[in-house]
Structures are given as structure tokens and as C-alpha cells.
Amino acid sequence: MQDEVVSVKDFCKIYGNVNAVDGISFEVHRGEIFGLLGPNGAGKTTTLESLEGLRQPTSGSLSILGVNPTLQSQKLNNLIGVQLQASGLPGSMTTKEAMEFFCAYHHVAPRPDLLVRLGLGEKLASQYSTLSTGLQRRLSLALAIAHDPPVVLLDEPTAGLDVGSRVELHEVMRELKAKGSTIILATHDMAEAEKMTDRVAILLKGKIVATGSPTQLTATGSGLVKISVSTEASCLLTNTTDFPEVSQKLLKDEYAIYYSRNAGATVPPIFDYLKEHDDRLVDLRVERPSLEDRFLEITQPDHSEGGKS
Amino acid sequence: MTAFFHHFMYDFRVGLRDKSLLLLNYLFPLGFYLLMGFLMTGLNPTFAPTMIPAMILVAVMACTMLGLPNPVVESREAGIFRSFRINGVPALSIVTIPVLTSFAHVILVSIIITVTAVPFFNAGIPTNWGWFVMIGLLTIFNFASLGMLIGVVSASARSIVLFSQLIFLPSMILGGLMIPSSMLPPALFRVSLLLPTVHSMNAWTSLAFNMKPVFDPRWSLLILLSSGVIAYVLAIYLFNWDSKNRRRGRNPLLALITWVPYILGAIFLVS
Numbered sequence: 004m005q006d007e008v009v010s011v012k013d014f015c016k017i018y019g020n021v022n023a024v025d026g027i028s029f030e031v032h033r034g035e036i037f038g039l040l041g042p043n044g045a046g047k048t049t050t051l052e053s054l055e056g057l058r059q060p061t062s063g064s065l066s067i068l069g070v071n072p073t074l075q076s077q078k079l080n081n082l083i084g085v086q087l088q089a090s091g092l093p094g095s096m097t098t099k100e101a102m103e104f105f106c107a108y109h110h111v112a113p114r115p116d117l118l119v120r121l122g123l124g125e126k127l128a129s130q131y132s133t134l135s136t137g138l139q140r141r142l143s144l145a146l147a148i149a150h151d152p153p154v155v156l157l158d159e160p161t162a163g164l165d166v167g168s169r170v171e172l173h174e175v176m177r178e179l180k181a182k183g184s185t186i187i188l189a190t191h192d193m194a195e196a197e198k199m200t201d202r203v204a205i206l207l208k209g210k211i212v213a214t215g216s217p218t219q220l221t222a223t224g225s226g227l228v229k230i231s232v233s234t235e236a237s238c239l240l241t242n243t244t245d246f247p248e249v250s251q252k253l254l255k256d257e258y259a260i261y262y263s264r265n266a267g268a269t270v271p272p273i274f275d276y277l278k279e280h281d282d283r284l285v286d287l288r289v290e291r292p293s294l295e296d297r298f299l300e301i302t303q304p305d306h307s308e309g310g311k312s
Numbered sequence: 003m004t005a006f007f008h009h010f011m012y013d014f015r016v017g018l019r020d021k022s023l024l025l026l027n028y029l030f031p032l033g034f035y036l037l038m039g040f041l042m043t044g045l046n047p048t049f050a051p052t053m054i055p056a057m058i059l060v061a062v063m064a065c066t067m068l069g070l071p072n073p074v075v076e077s078r079e080a081g082i083f084r085s086f087r088i089n090g091v092p093a094l095s096i097v098t099i100p101v102l103t104s105f106a107h108v109i110l111v112s113i114i115i116t117v118t119a120v121p122f123f124n125a126g127i128p129t130n131w132g133w134f135v136m137i138g139l140l141t142i143f144n145f146a147s148l149g150m151l152i153g154v155v156s157a158s159a160r161s162i163v164l165f166s167q168l169i170f171l172p173s174m175i176l177g178g179l180m181i182p183s184s185m186l187p188p189a190l191f192r193v194s195l196l197l198p199t200v201h202s203m204n205a206w207t208s209l210a211f212n213m214k215p216v217f218d219p220r221w222s223l224l225i226l227l228s229s230g231v232i233a234y235v236l237a238i239y240l241f242n243w244d245s246k247n248r249r250r251g252r253n254p255l256l257a258l259i260t261w262v263p264y265i266l267g268a269i270f271l272v273s
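Respectively, the protein sequence lines represent chains F and G.
Each residue of the first sequence is one higher than the one before, starting from 4 at the first, in the numbering used here.
Each residue of the second sequence is one higher than the one before, starting from 3 at the first, in the numbering used here.
Hints were generated in silico from the structure; no laboratory data involved.
Take these hints with a grain of salt, some might be off.
To be verified - Restraint-style ranges between C-beta atoms, simulated for each label pair:
hint, chain 1, residue 1, chain 2, residue 2, range
1, F, 208, G, 231, 41 to 51 Å
2, F, 216, G, 21, 51 to 61 Å
3, G, 79, F, 125, 26 to 36 Å
4, F, 116, G, 41, 49 to 59 Å
5, G, 158, F, 28, 36 to 46 Å
6, F, 125, G, 15, 12 to 22 Å
7, F, 174, G, 242, 30 to 40 Å
As the list claims (entries may be wrong) - With a straight-line Cα cutoff of 30 Å, these simulated DSS-like cross-link-like pairs (lysine-lysine) come out:
hint, chain 1, residue 1, chain 2, residue 2
8, G, 21, F, 99
9, F, 210, F, 180
10, F, 126, G, 21
To be verified - Partial chain G-side listing against chain F, Cβ under 8 Å, derived:
hint, residue
11, 4
12, 5
13, 8
14, 9
15, 19
16, 81
17, 82
18, 84
19, 87
20, 88
21, 89
22, 91
Every residue, glycine too, gets a C-beta built ideally from N, C-alpha and C.
Throw the hints in and build the complete structure from the sequences for me.
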């Protein structure tokens, strides 16, 4: 797990007078799924494209399995599989042609089994432009992994996918990881990142502002636990009493929502209060902050829930 | 080599599968050939002897000037070349394969024209088949390289229309296809020497059809070959994988070097 597969050191990319990526460093290890998170324009795609050899760094160094993406593009091609954000295939190319075409350039036999596995078995003769977004994404993924690359770079792989396709894609990612492939995943989908990645880096304005496992990141936030309570008589909705350790209270859809620094200290007094007011509990939810909450806290500190106390 | 073959076969099939390319590669040149065969042979008796090379030239221009450049720009703009690059498709293949498939399409149309023009329209038959084929191949190479260069340097489909029509339309009028260029007024004749079709027709009619040349056909062969090679080399040199990442220092205006052999011809061949 500790073998370094991808290394990014002090990477900067400047377009004109725009500093798209500003001195970021990270490494990804063998068999790891690493998430690159950030709002639009944070530098995720620039970082990925530089790792793919499509862009030249302004300064700093990048390497994939010891290969410099800019200078050794021929070597790089067989080391990486890439699912680009944009289509990347001619509209008139059929599914079967695409598989034959790309496998031929990677010097491997075509993988019809992969097309069948990803639900494209009946679409072999269909032209790319006639496939649905979900099937186009599946085909892109099939082409990206057909040559069994040790490193897979996925740029918003589940954008525009239905739930079924998303689950299928996650399953494929798990299989790749189990086989020892390293995956770098750029995504806007925090739930996906939390579920799939081992570690993430959050980029903001070209800089890494947080890095670690999703669990570590959520633990290092404000630490506020969300406690949502609904009762029969809704006595909490009109209550003005402050419960211990609560930093903020919100009312939403018959629920009183408390952001607490310590759920253990907050919940018992809420029960006591209900008892005193002869009210009965309908629903109680205690949720630790999600990666999305932490992401919002980092990227939009003024707008994150629980951060307005 | 397998990859190159797959790429070639795919590109060739697209030339038949894509409706607009099918129109430009086959339907338009063959339709135009039939129309000219029925109309021009009756109206202009000097047309029939040079009908075969003239109609082949129309097919060459439709395929290479009107058909070839557009997919290049579309692929670049849609990120297809980026995807190709990541997957190890070399720039040389991207530039060369459409040129080769142009050969395939034009040769098929040329065979149809050559085989049918004599019995249907009493067209002139080549007296030297070796030169006929050689000049045909040289002409296709010249135009296909030029078409690829237009695709490489054009920023959009609108630029392609502009650049392609700058060659296609004058070639149809002044290029010696409908009227022999020797019948043009001197000033227009000098201008016509800037067009590849004039040199193809001059070489074809004199070397393959044993007619009197307008000027020494060896100069035409040299001009066609040199401008074709320049265009092909420049297409590789100026090729961009994507529009957002244009290579520094590689100015698209360099493409104008392709016209140097024609300009020299226009200056010295009539002086």
C-alpha cells in the first residue's frame, strides 16, 4: 500500500496571468483510490491533464511510476487509463470499432468481455453518438481499462449517470482496486468520494487546502454533530431553552435541528425536556458531519450549515 | 502496423458511413460527372477529350478540399485528438491516414469515371496509362496534403469553408476543367497558375493524353510534388492536439509557404 505510484511535487500551472495550480504536492500509493475534490476552477482537471501528459507544468515535477508525463508520453500511454470529462470519441465510431481501435494502439487484444461486463454487449454495432450518456461513460471506462493499466485517471466518471450505472461503475472501481490498480478520481460528488476513496485532497483556487482520508477530514472539521428531532406535539419548535453544547439551532420540516459539539451532552437534556412538556419522540437522528459538510466548511466557510452560529 | 490498419479501415468506413462525407466523396463528384457528361459534351466539343482528368479533379477537390478538413477541426474541438493522444495514437497517423483514405475514395471514383466516360460520353482515352496513374496519384497527394493542412490550421468550420472555397471555386472556373487554361486572357492565366488544378490538367493532358502542353509539364509535376510535400510536412509540424494548447512559436501563417512553388511558377512560367 505504501509503494508510491503517482508523485506530484510543487506543481504549478499558469495560464496567461491565471495561476490555475499553485504549488501543490501529493503522492498516491499502489492500490489506492485517491480523490481530487474542489469547486469548478479549483485546478482538478489541470492536475489530471498534466498527469496525462496533455499539459506541461509551469514548474514542479510530476511522475507516474517514475515516468515523466510530459517527456515520456510514449511510455506513459500503457501505464495509464484515462476517462476524460469530455466525450473523446468520434460520433460515428461504433462500440466494437472503438475497442479494436484503442486496443490496437495499446498493442493488446480487444476486450469484448469488458463491453459485456459493462452492459454494452448488445451495443457493439451502435455508433458512439447514438449511445445514451450512461452508455457513453461506460464505454469510455471500458476503453480506459481495456489494457489493464496500473494507474486509472477518472475525471467526473459518474457525471450524468443514473443510479444503476453509478453503482455499476463503483463496482468496477472496487474490482480495479482489488486487482492492485491505483485510481485518481476527480469528482464533485462528495458522497461518491466519501464512499469510494481512501484519501482525498481538497483543492481551492489551485492550492490543496485539506488532505487525508474522508474520516480524518470530517473529524478535523468544526466537529459539530447534527441532531435532528421530531416530536408529536412539536414542542421543540417553539422552545427557546438552550441545550448544552449546542452551537446552532435550525427548524426544518417539523424537525428541530441542533449542531452540537457533544451529542452525549445534548441528547439527554432534550429527552428530559420532552418529558417535562409531556411530548413524545417521533424521530431522532444523530449524524456526524459528512465529507460534503466538511467540504463546504472549507470551500464556503460562510455558507456551511452549522458554521453560522 | 495493426493499429495503423485498424485506423485506416475505420477512417475509410467513416468516409462511406457519414452522410456528408459520402456526399462529398462519391455522390457529388459522380453526380457532377453525369451532369457534365450529358450537358458539356454537347455544348462544348473541346470538353470530351479532357473530360476524364477534369472530372477526376472535381472528385479530388470534393473529397480533399470539402470533405477532409472538417472532421479534423471537429475532432480537435471535441477533444477526440486528446483522447487519441492519451491512448498512444501518434500525430503522424492522425495526419497521414485521412490523406491515405482520400486516395482510396478518389481512386474508386476515378475508376468509375474512367471506365464509364468513354462508352457513355465518348470521352478521350489516355494514351499513356502510366503517366495517367502517376499524375493522378500526385494530384491526390497534393490536394489531400493541402486539405489536411487547411484542417490543421483552421480554427473553426467557418475558416475551413473560407480557405477551401478560396481554392475550390477559382479552380472550377479558372483551373482548366471546363475551359482550357490556354484560352484564358494573359492576366487571368497568370492568376490561374496559382491553382493546383491548372498544373494537374497541364501534366495530364500533355503526358497522358498526348495533347499540346500549355507550358513544360515537368514544371507542373515539380510544382505539384513540392507543394504537396511542403503541405504534408507543415500539416505534421503545425498539428495541434487541442485548440486550448496551441504549440508556441508555430504560427499557422507558415501554411502559406505551400504556395511558394505556385507563386514561383506564376512568375517564371509566363515571363
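Now for the hints, and whether the structure bears them out:
1. For residue 208(F) and residue 231(G), the hinted distance range of 41 to 51 Å is satisfied, since their beta carbons lie about 49 Å from each other.
2. At roughly 52 Å, the beta-carbon separation of residue 216(F) and residue 21(G) lies within the given 51 to 61 Å, and the hint holds.
3. The hint said 26 to 36 Å for the Cβ distance between residue 79(G) and residue 125(F), and at roughly 31 Å that hint holds.
4. At roughly 57 Å, the beta-carbon separation of residue 116(F) and residue 41(G) lies within the given 49 to 59 Å, and the hint holds.
5. Between residue 158(G) and residue 28(F) the C-beta distance comes to about 39 Å, which sits within the given range of 36 to 46 Å.
6. A hinted range of 12 to 22 Å holds for the C-beta pair residue 125(F) and residue 15(G), which are about 21 Å apart.
7. Separation of residue 174(F) from residue 242(G) is about 38 Å and conforms to the stated range, judged on CB atoms against 30 to 40 Å.
8. At most 30 Å may separate the alpha-carbon atoms for a hinted pair to count; residue 21(G) and residue 99(F) meet this at roughly 20 Å.
9. For the hint linking residue 210(F) to residue 180(F), the alpha-carbon distance of about 27 Å falls within 30 Å, and the restraint holds.
10. For the suggested pair residue 126(F) and residue 21(G), the alpha carbons sit about 21 Å apart, so the restraint of at most 30 Å is met.
11. The interface hint given for residue 4(G) holds, since its Cβ lies 5 Å from the closest Cβ of chain F, which is under the 8 Å cut-off.
12. Annotation: residue 5(G) was flagged as interfacial toward chain F, and the flag holds, the nearest CB pair being 4 Å apart, inside 8 Å.
13. The beta carbon of residue 8(G) comes within 4 Å of a beta carbon in chain F, closer than 8 Å, and the hint placing it at the interface holds.
14. The interface hint given for residue 9(G) is met, as the beta carbon of that residue sits about 7 Å from the closest beta carbon of chain F, less than 8 Å.
15. Given hint, residue 19(G) at the interface with chain F, holds; its Cβ is 6 Å from that chain's nearest Cβ, closer than 8 Å.
16. Against a cut-off of 8 Å between C-beta atoms, the interface hint on residue 81(G) holds, since the closest Cβ of chain F lies about 4 Å away.
17. Given hint, residue 82(G) at the interface with chain F, holds; its Cβ is 6 Å from that chain's nearest Cβ, closer than 8 Å.
18. With 8 Å as the threshold, the beta carbon of residue 84(G) comes within range of chain F, its nearest partner Cβ sitting at about 6 Å, so the hint holds.
19. The interface hint given for residue 87(G) holds, since its Cβ lies 7 Å from the closest Cβ of chain F, which is under the 8 Å cut-off.
20. For residue 88(G), the interface hint holds, since its Cβ comes within 8 Å of a Cβ in chain F; the closest pair sits about 5 Å apart.
21. Evaluation of the residue 89(G) hint against chain F yields a held restraint, the C-beta minimum of about 5 Å falling below 8 Å.
22. Here the hint on residue 91(G) is kept, as its CB sits about 5 Å from the closest CB of chain F, short of 8 Å.
Consistency with the previously given hints is maintained throughout, with no hint failing.
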